[in-house]
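Residue numbers (this note's numbering), protein chains in the order written: chain P, 1 to 508; chain S, 1 to 432.
Hints listed in this document are in silico derivations from the structure and should not be mistaken for laboratory results.
What you are looking at is a predicted structure, and each value in this text was computed from that prediction instead of being measured.
The beta carbon of each residue, even a glycine, is placed where N, CA and C say it ideally should be.
Just so you know, not all the hints are guaranteed correct.
To be verified - Sample of chain P residues at the chain S side, in silico, Cβ under 7 Å:
1. Glu41
2. Ala45
3. Gly136
4. Ile138
5. Phe319
6. Asn323
7. Arg394
8. His397
9. Asp400
10. Val409
11. Ala426
12. Asp430
13. Ala464
14. Asp467
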Amino acid sequence: MTNLLFQGRDWDFDTLRRLHDATEAIAKTELGLDMYPTRIEVITAEQMLDAYASVGMPLFYRHWSFGKHFAQHESTYRQGLMGLAYEIVINSDPCLCYVMEENTATMQALVIAHAACGHNHFFKANYLFQQWTDAGAILDYLDFARAYIARCEEAYGQTAVERLLDAAHALQSQGVHRYPRKRRPDLRSEERRARERRDYQEQIYNDLWRTIPVKKGRARESLDEHRRALLELPQENILYFLEKTAPRLQPWQREILRIVRNVAQYFYPQRQTKLMNEGCATYCHYRIMTRLHETGQIDDGSFLEFLQSHTNVIRQPGFDDQNFGGWNPYALGFAMMGDIERICTAPTDEDRTWFPAIAGSGDPMAVLRDAWANYRDESFVAQFLSPHLMRQWRMFHLVDDPEDPELRVDAIHDERGFARMRRRLARQYDVAWTEPDIQVVDVDLEGDRRLILHHHVANDLLLAESDTGQVLQHLADLWGYDVVLKEISAAGGTVLKEHARSATHAFA
Amino acid sequence: MDIIDRRLNPGGKSLANRQRFLRRARAYVRRAVRDSAVERGIGDLEAGGEVSIPVDGIGEPSLRRGGGGGRRDHVLPGNREFIEGDTIERPDGEGGGGSGAGRDGGGDDAFRFVLTREEFLELFLDDLELPDLAKRRVTTLETQGLRRAGYSVTGSPANLAIGRTMRNSLARRLAQRRPSAEEVAAIEAEIATLTAAGGDPERLAELAAALDIAERRRRRVPYIDPLDLRYRRFETYPRPVAQAVMFCLMDVSGSMTEHMKDLAKRFFMLLHVFLTRRYRHVEIVFIRHTHEAREVDEETFFRSAETGGTLVSSAFVEMRRIVEERFSPADWNIYAAQASDGDNDYGDGATTSALLREAILPVCQHFAYLEVGAEPGSGGGFLERETTLWRTYQALKGEGAEMAMRRVRHRRDIFPVFRDLFQKRDAAEVDA
Numbered sequence: 001m002t003n004l005l006f007q008g009r010d011w012d013f014d015t016l017r018r019l020h021d022a023t024e025a026i027a028k029t030e031l032g033l034d035m036y037p038t039r040i041e042v043i044t045a046e047q048m049l050d051a052y053a054s055v056g057m058p059l060f061y062r063h064w065s066f067g068k069h070f071a072q073h074e075s076t077y078r079q080g081l082m083g084l085a086y087e088i089v090i091n092s093d094p095c096l097c098y099v100m101e102e103n104t105a106t107m108q109a110l111v112i113a114h115a116a117c118g119h120n121h122f123f124k125a126n127y128l129f130q131q132w133t134d135a136g137a138i139l140d141y142l143d144f145a146r147a148y149i150a151r152c153e154e155a156y157g158q159t160a161v162e163r164l165l166d167a168a169h170a171l172q173s174q175g176v177h178r179y180p181r182k183r184r185p186d187l188r189s190e191e192r193r194a195r196e197r198r199d200y201q202e203q204i205y206n207d208l209w210r211t212i213p214v215k216k217g218r219a220r221e222s223l224d225e226h227r228r229a230l231l232e233l234p235q236e237n238i239l240y241f242l243e244k245t246a247p248r249l250q251p252w253q254r255e256i257l258r259i260v261r262n263v264a265q266y267f268y269p270q271r272q273t274k275l276m277n278e279g280c281a282t283y284c285h286y287r288i289m290t291r292l293h294e295t296g297q298i299d300d301g302s303f304l305e306f307l308q309s310h311t312n313v314i315r316q317p318g319f320d321d322q323n324f325g326g327w328n329p330y331a332l333g334f335a336m337m338g339d340i341e342r343i344c345t346a347p348t349d350e351d352r353t354w355f356p357a358i359a360g361s362g363d364p365m366a367v368l369r370d371a372w373a374n375y376r377d378e379s380f381v382a383q384f385l386s387p388h389l390m391r392q393w394r395m396f397h398l399v400d401d402p403e404d405p406e407l408r409v410d411a412i413h414d415e416r417g418f419a420r421m422r423r424r425l426a427r428q429y430d431v432a433w434t435e436p437d438i439q440v441v442d443v444d445l446e447g448d449r450r451l452i453l454h455h456h457v458a459n460d461l462l463l464a465e466s467d468t469g470q471v472l473q474h475l476a477d478l479w480g481y482d483v484v485l486k487e488i489s490a491a492g493g494t495v496l497k498e499h500a501r502s503a504t505h506a507f508a
Numbered sequence: 001m002d003i004i005d006r007r008l009n010p011g012g013k014s015l016a017n018r019q020r021f022l023r024r025a026r027a028y029v030r031r032a033v034r035d036s037a038v039e040r041g042i043g044d045l046e047a048g049g050e051v052s053i054p055v056d057g058i059g060e061p062s063l064r065r066g067g068g069g070g071r072r073d074h075v076l077p078g079n080r081e082f083i084e085g086d087t088i089e090r091p092d093g094e095g096g097g098g099s100g101a102g103r104d105g106g107g108d109d110a111f112r113f114v115l116t117r118e119e120f121l122e123l124f125l126d127d128l129e130l131p132d133l134a135k136r137r138v139t140t141l142e143t144q145g146l147r148r149a150g151y152s153v154t155g156s157p158a159n160l161a162i163g164r165t166m167r168n169s170l171a172r173r174l175a176q177r178r179p180s181a182e183e184v185a186a187i188e189a190e191i192a193t194l195t196a197a198g199g200d201p202e203r204l205a206e207l208a209a210a211l212d213i214a215e216r217r218r219r220r221v222p223y224i225d226p227l228d229l230r231y232r233r234f235e236t237y238p239r240p241v242a243q244a245v246m247f248c249l250m251d252v253s254g255s256m257t258e259h260m261k262d263l264a265k266r267f268f269m270l271l272h273v274f275l276t277r278r279y280r281h282v283e284i285v286f287i288r289h290t291h292e293a294r295e296v297d298e299e300t301f302f303r304s305a306e307t308g309g310t311l312v313s314s315a316f317v318e319m320r321r322i323v324e325e326r327f328s329p330a331d332w333n334i335y336a337a338q339a340s341d342g343d344n345d346y347g348d349g350a351t352t353s354a355l356l357r358e359a360i361l362p363v364c365q366h367f368a369y370l371e372v373g374a375e376p377g378s379g380g381g382f383l384e385r386e387t388t389l390w391r392t393y394q395a396l397k398g399e400g401a402e403m404a405m406r407r408v409r410h411r412r413d414i415f416p417v418f419r420d421l422f423q424k425r426d427a428a429e430v431d432a
């Protein structure tokens with residue numbers, strides 16, 4: 001009596017169902033994962049290309065740039081320069097997993113374990129996704145966005161909408177809130193707070209206080225500060241600022257800006273958790289596939305096929321390899337999670353010094369689940385990258401300073417280097433650090449309504465000249481008046497460079 | 001868990017976006033298509049294919065850090081020999097030893113993608129148009145066609161719309177409560193059974209009265225009334241002639257080299273592609289001539305060589321014969337393109353121009369003469385010398401004949417010349 005889930009490379013929908021049930025059982029019982037219900041959709045290569053073009057989403061509004069990406073992908077795919085992903089998974093409830101029809105049965109098992117279990121759990125558990133995305137509503141929202149933009153095109157013309165979307169897309173990465181805002185209190189809680197305060201005052205009332213001379217009232221805040229406070233300045237979410245305060249935009253234009261920034265916000269957690277997300281999915285699929293093999297649910301041949309594609313996925317070429325293209329998030333994530341497992345179960349003395357809280361705890365899954373839930377790439381690396389792993393990967397830290405004639409090796413995998421190197425690597429994963437820090441700081445309301453932005457330059461890295469000009473032009477058109485962007489050095493506060501644009505075809 | 005099979009969903013989800021992209025990049029793509037058309041063989045013209053356009057036209061700018069300057073940190077794997085404090089020669093080009101700085105596509109200055117055949121031709125022939133046809137005097141582009149246009153209450157019996165008529169009739173019969181044959185038959189049957197059984201006479205009288213009323217009613221309310229009649233209505237509308245014939249005339253005498261034939265072939269094929277996009281049905285007639293002309297198939301037309309003198313008029317005679325036999329100008333749009341190296345028998349000039357003026361030009365929508373020359377550098381001051389045929393035609397044109405003449409001596413001139421011939425005629429025609 002065999003309990004193989006499938007034999008050979010062919011699969012049908014029954015196989016998919018059996019695979020899903022088997023992987024889900026292992027994921028739930030053994031790994032303790034908590035997942036959204038899954039919906040598996042089988043698609044063709046053509047449809048995969050379509051999905052690529054619309055940032056992986058099953059439905060999206062229309063814009064020429066998606067057509068451009070489609071043309072690009074199609075061209076490289078047809079020339080055989082690019083393989084297609086085996087799956088796409090969407091952070092929604094139910095969790096959508098697109099699997100390719102060409103996959104073999106083993107690959108389908110891998111894909112289901114990877115996406116439907118690993119990614120799915122991560123989407124549901126991680127705090128960033130909980131904070132910033134609404135998995136239950138995203139598809140409905142995209143549906144709304146698509147219909148709304150189509151209606152706008154009908155009403156105001158395709159050209160007008162396209163120009164607006166161009167401008168909004170240019171500011172997309174400045175269209176996210178990086179930190180949750182303070183919730184505006186509603187009337188009821190405000191009243192309750194006032195009452196509590198009053199009650200407290202009454203309790204501690206002492207007539208003596210009346211006799212104490214009060215200091216002269218604090219000088220009223222200056223007009224400038226008052227204005228900035230009203231406009232919620234400084235503001236790093238430029239699209240939000242424009243949506244709320246740009247003087248000349250029509251309501252529908254504000255709504256479209258809102259759509260673009262909501263979509264950008266939806267993807268913001270994914271940009272911050274690439275390493276962890278892929279690492280989590282890879283770790284899960286490795287555990288699940290191994291367990292399936294151990295319990296005899298997949299045969300040796302399939303397991304070897306799996307191992308081959310798994311090792312391809314987690315390949316990390318060295319820096320001097322011609323295939324080197326930066327850190328492979330699959331590789332680093334998987335290695336770090338495997339390393340955590342090792343630290344929990346078989347720690348060395350070094351591990352006990354570095355990770356006293358988890359070393360030898362014996363329950364790696366609890367540690368991993370906690371990490372998946374409460375960390376992002378930057379904090380995860382800063383917390384969990386072990387000396388063992390840095391040694392194993394032979395990491396080194398290279399400094400490229402234009403002042404020096406040569407590149408300098410600042411740290412290697414030794415006692416002196418571990419901590420420094422870990423901090424540096426963590427910083428490479430900090431989106432707020434890798435992206436320029438640009439904020440709207442003021443509006444010259446008494447003069448020519450000029451919008452003033454600051455770029456706080458870190459490490460003397462200035463903005464790319466031509467792109468900045470184009471984006472500022474879009475920004476000026478949206479704002480309706482002049483715009484100036486000052487690049488200010490973090491060290492001295494001096495202005496390093498100034499870009500200015502006036503509105504030429506203001507939106508109105 | 002659900003499994004959904006999406007494979008059968010309609011494809012082409014990205015088509016709308018793709019079209020938007022092409023429209024946006026139209027100017028760039030058009031230029032790229034033109035450029036690539038010059039390079040490719042005429043046979044591949046219809047194949048579609050890859051084009052590349054400059055990136056700046058379709059860039060998506062964003063606020064990002066520039067490539068140069070500034071201090072950068074890289075943590076990299078795979079250290080073999082470095083220890084802390086080592087220095088490394090700065091590699092050329094890239095700012096750092098790492099990869100963090102490079103953005104995808106950031107370094108490319110061209111954006112490459114593949115156009116389908118349709119898109120390619122669309123863009124290639126984008127602003128071309130058939131020469132102004134309204135000025136032609138012989139034939140309009142239209143004939144009268146008939147098409148259904150609802151129903152009328154009058155018409156010839158042949159056009160009687162039976163279904164519609166019967167529907168009206170049925171409605172009227174129901175409305176006027178005309179007893180049906182079955183009802184009458186039922187009454188008669190009851191009378192018959194009652195009579196046979198010797199039943200109630202009162203009931204019999206009642207039935208007889210009912211029968212009488214029913215029959216009178218059936219007579220008064222006709223089965224089909226003239227009111228019910230409906231006829232299929234047709235109306236005439238101008239129908240464009242959707243077929244064209246293209247005459248390819250070529251001199252194949254000994255003086256035509258392979259190079260010249262190649263040029264001619266390219267031109268003919270372009271014309272064919274162009275016409276196929278404008279007309280539903282295009283026929284091609286190949287006529288080649290030396291001192292006598294013959295209609296041949298395509299293979300013979302381009303391949304085999306012949307010897308003999310050159311009598312251009314013979315080709316026109318042949319063309320006139322074929323037009324008379326098979327292609328009535330009322331039904332066909334006739335296009336003619338002639339390719340020759342310009343040699344003609346001296347005695348033939350008058351005949352040729354007479355034939356062209358009297359017989360050929362009046363029936364043609366467009367007549368193009370392409371003079372092909374030897375490859376540049378192969379001697380002979382081609383451009384300076386006016387050939388016999390060129391002079392003949394020039395004189396004809398001077399008299400006001402509508403025809404187009406161009407000279408081509410290099411493969412790369414074919415496309416420009418073709419475009420020039422069929423450009424939308426806003427500007428005044430400038431001849432070569």
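Do the hints match the structure? See the list:
1. Glu41: 5 Å, holds
2. Ala45: Hint violated; alanine 45 of chain P Cβ to chain S Cβ min 10 Å, cut 7 Å.
3. Gly136: Glycine 136 of chain P check fails; min Cβ-Cβ to chain S is 16 Å, beyond 7 Å.
4. Ile138: 18 Å, violated
5. Phe319: Hint holds; phenylalanine 319 of chain P Cβ to chain S Cβ min 4 Å, cut 7 Å.
6. Asn323: This hint is violated: asparagine 323 of chain P lies away from chain S, its Cβ roughly 11 Å from the closest one there, beyond 7 Å.
7. Arg394: This interface hint holds because 4 Å falls under the 7 Å limit.
8. His397: 5 Å, holds
9. Asp400: 4 Å, holds
10. Val409: Constraint on valine 409 of chain P satisfied, holds at 4 Å.
11. Ala426: 9 Å, violated
12. Asp430: Since the shortest Cβ distance to chain S is 12 Å, the answer is violated.
13. Ala464: Nearest chain S Cβ about 4 Å off; hint holds.
14. Asp467: At 4 Å from the nearest chain S Cβ, aspartate 467 of chain P passes the 7 Å test, so the hint holds.
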